[in-house]
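Residue numbers (this note's numbering), protein chains in the order written: chain A, 1 to 287; chain B, 1 to 266.
These are computed hints drawn from the structure, not numbers from a lab. For every residue, glycine included, the Cβ atom is placed at its ideal position computed from N, Cα and C. Among the clues, some could well be false.
Unchecked claim - Listed next, the in silico SDA-like pairs over lysine to any residue satisfying Cα-Cα at most 25 angstroms (straight line):
| no. | chain 1 | residue 1 | chain 2 | residue 2 |
| --- | --- | --- | --- | --- |
| 1 | A | K8 | B | E160 |
| 2 | B | K159 | A | M282 |
| 3 | A | K8 | B | K6 |
| 4 | A | K8 | B | F175 |
| 5 | A | K8 | B | Y256 |
| 6 | B | K97 | A | I269 |
| 7 | B | K159 | A | I269 |
| 8 | A | K204 | B | V157 |
| 9 | A | K3 | B | T164 |
| 10 | B | K6 | A | I200 |
| 11 | B | K6 | A | P126 |
| 12 | A | K3 | B | T105 |
Unchecked claim - Just so you have them, the derived chain B footprint on chain A, three or more residues with Cβ under 8 angstroms:
| no. | stretch |
| --- | --- |
| 13 | 18-32 |
| 14 | 54-60 |
| 15 | 91-103 |
| 16 | 179-192 |
| 17 | 222-235 |
So the chains spell out like this:
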Amino acid sequence: MKKTLNHKAWLFVVPVVLLVAFNAVIPLMTVVNYSVQETFGDNTFFWAGVMWFEQVLHSERFHASLGRQLIFTFTILAIEIPLGVAIALSMPRKGPWVSVCLVMMALPLLIPWNVVGSMWNIFALPDIGLMGYGLNALGFDYNFTRQPGDAWFTLIIMDVWHWTSLVVLLAYAGLVSIPDAYYQAAKIDGAKSWAIFRYIQLPKLKRVLTIAVLLRFMDSFMIYTEPFVLTGGGPGNSTTLLSIDLVKIALGQFDLGPAAAMSLIYFLIILLLSWIFYTLMMRNEAQ
Amino acid sequence: MARFSKLVPVLYIIFLMLPIYWLLNMSFKTTNEILGTFSLWPNEFTLENYRVIFTDPTWYMGYVNSLIYVSINTVLSVAVALPAAYAFSRYRFLGDKHLFFWLLTNRMAPPAVFALPFFQLYSAVGLFDTHIAVALAHTLFNIPLAVWILEGFMSGVPKELDETAYVDGYPFWRFFVKIFIPTVAAGIGVAAFFCFMFSWVELLLAKTLTAVDAKPIAATMTKTASSSGYELGLLAAAGSLTIVPGAFVIYFVRNYIAKGFALGRV
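In isolation and in its complexed conformation, chain A is listed as follows:
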């Protein structure tokens, strides 16, 4: 759609800008302030320059949680995106079951995140949980509170349970928007189902899948509550992702300087990667 140039349109955005600025700019400035100052806990602050940034960027602890965060995010993306598309492809397009499917599938998305954590905790406990008890009965030595590998397995399957539906819903919306004529033409040409997927469905899914990757990337990179409730970052530090580490430093140890520097680095990483996805998406939209 062609848009008209009208600078008075700013008046429409003023309320949004004011509200978001109150919430975003003031706290962000607080964080920036802390990140360049040193305090001894008596409300007096000293200029510290980029000391905290250097300290955080060189700390092994930060590298370790950033590494865990990247592994987590890319693992769940690698599972949830293909799985979501596969499920969307196998869903019925018409009929009474469509609504039932959509409502049931959307249900995990509306459960408070700490409840998701407790639910999986109860579900995975080796003595009283269905999954934990079941796996042990099948002969696996499974205990997510003791063994880091099991904790990771539980964390990832929990996230797959929680968020794959988002990809399913998006992919499904994309598939439904493909006109029947495309399929009829493909049928006349004698196209195999792989060819239909590759040349008709996948191009149509490109846009919704970019949104899915963007949303899943952002949200999984900020994940805090679910792993905190499920494993508390343990056993040891094995599932301490970035947010958990940050809250430990900021609210647990009250090390404001390092926490603020870490916050800014963390935020910049998300911004940079999201900006890449966003530019890709807008380029698709422009085409």
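Start from chain A and add chain B according to the hints.
Same frame as chain A, but now just chain B:
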């Protein structure tokens, strides 16, 4: 092959329902039974856990508090997002693209980064432990989302609608309220649903900004889990009840939910 592919959604839904079934199963058991035996259904079926929640104000007020700030947040976010989304979908103006991306960056801000500064900010303005504080804090990520969704839906409405109304002599606000808003009603419903959803499921900020008077149900649950031993049955019952509002609102937007997740862009 075709028969197998019909099974995929069924298997997926079974996978989704298993943890929920286990939570419900636990919620009808006594704590002794939960810790003592492993059983697929309650042997001594009890409603005691639910009775505690519905009679103890520290429990049921948690739900009330959550619903209050979620509602305030939803109304506020959608109300201010409406004109903004209209501006983005219809006009070019100075810095529009940068402004849009800046709004989105707030959707990308990890709550963990903002927890402490929010606590200080809302304490400083005297709003700590009020419903308004949580509602305002959640607008940080809900306003950008609402603007994004509404902009998508509004861009689908042809511009001729605005022009016709203008030619017919409608003043702008009458056109906006009487004609335009009903046209994008589905988009407003979806945006409201998403604001509800993300405010309802968020815990970190809600917990940081409240102490007693506005404490959300999610925070009540974490406190109970740690303070009085580990009352799993009670925890399971409280958890089961938090699923109800979500299931309720989902039903209303079932036909639009996918379009909403696609931010109105399908």
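Status of the hints after comparison with the structure:
1. A:K8 with B:E160: holds, 20 angstroms
2. B:K159 with A:M282: Holds: B:K159 and A:M282 sit about 21 angstroms apart, inside 25 angstroms.
3. A:K8 with B:K6: Outside the cut-off at roughly 54 angstroms; violated.
4. A:K8 with B:F175: Between A:K8 and B:F175 the Cα gap is close to 17 angstroms, so the pair holds against 25 angstroms.
5. A:K8 with B:Y256: Measuring from Cα to Cα gives roughly 32 angstroms; hence the hint is violated.
6. B:K97 with A:I269: Roughly 21 angstroms separates the two Cα atoms, so the pair holds.
7. B:K159 with A:I269: With a Cα-Cα distance of about 38 angstroms, the restraint between B:K159 and A:I269 is violated, given a limit of 25 angstroms.
8. A:K204 with B:V157: Judged against 25 angstroms, a Cα distance of about 21 angstroms means the pair holds.
9. A:K3 with B:T164: Judged against 25 angstroms, a Cα distance of about 16 angstroms means the pair holds.
10. B:K6 with A:I200: At roughly 21 angstroms apart (the allowed maximum being 25 angstroms), A:I200 and B:K6 satisfy the hint.
11. B:K6 with A:P126: Distance of about 33 angstroms is beyond 25 angstroms: violated.
12. A:K3 with B:T105: holds, 24 angstroms
13. 18-32: holds (count 10)
14. 54-60: violated (count 0)
15. 91-103: holds (count 6)
16. 179-192: violated (count 0)
17. 222-235: holds (count 4)
In this structure, the hints that do not hold are numbers 3, 5, 7, 11, 14 and 16, in rising order.
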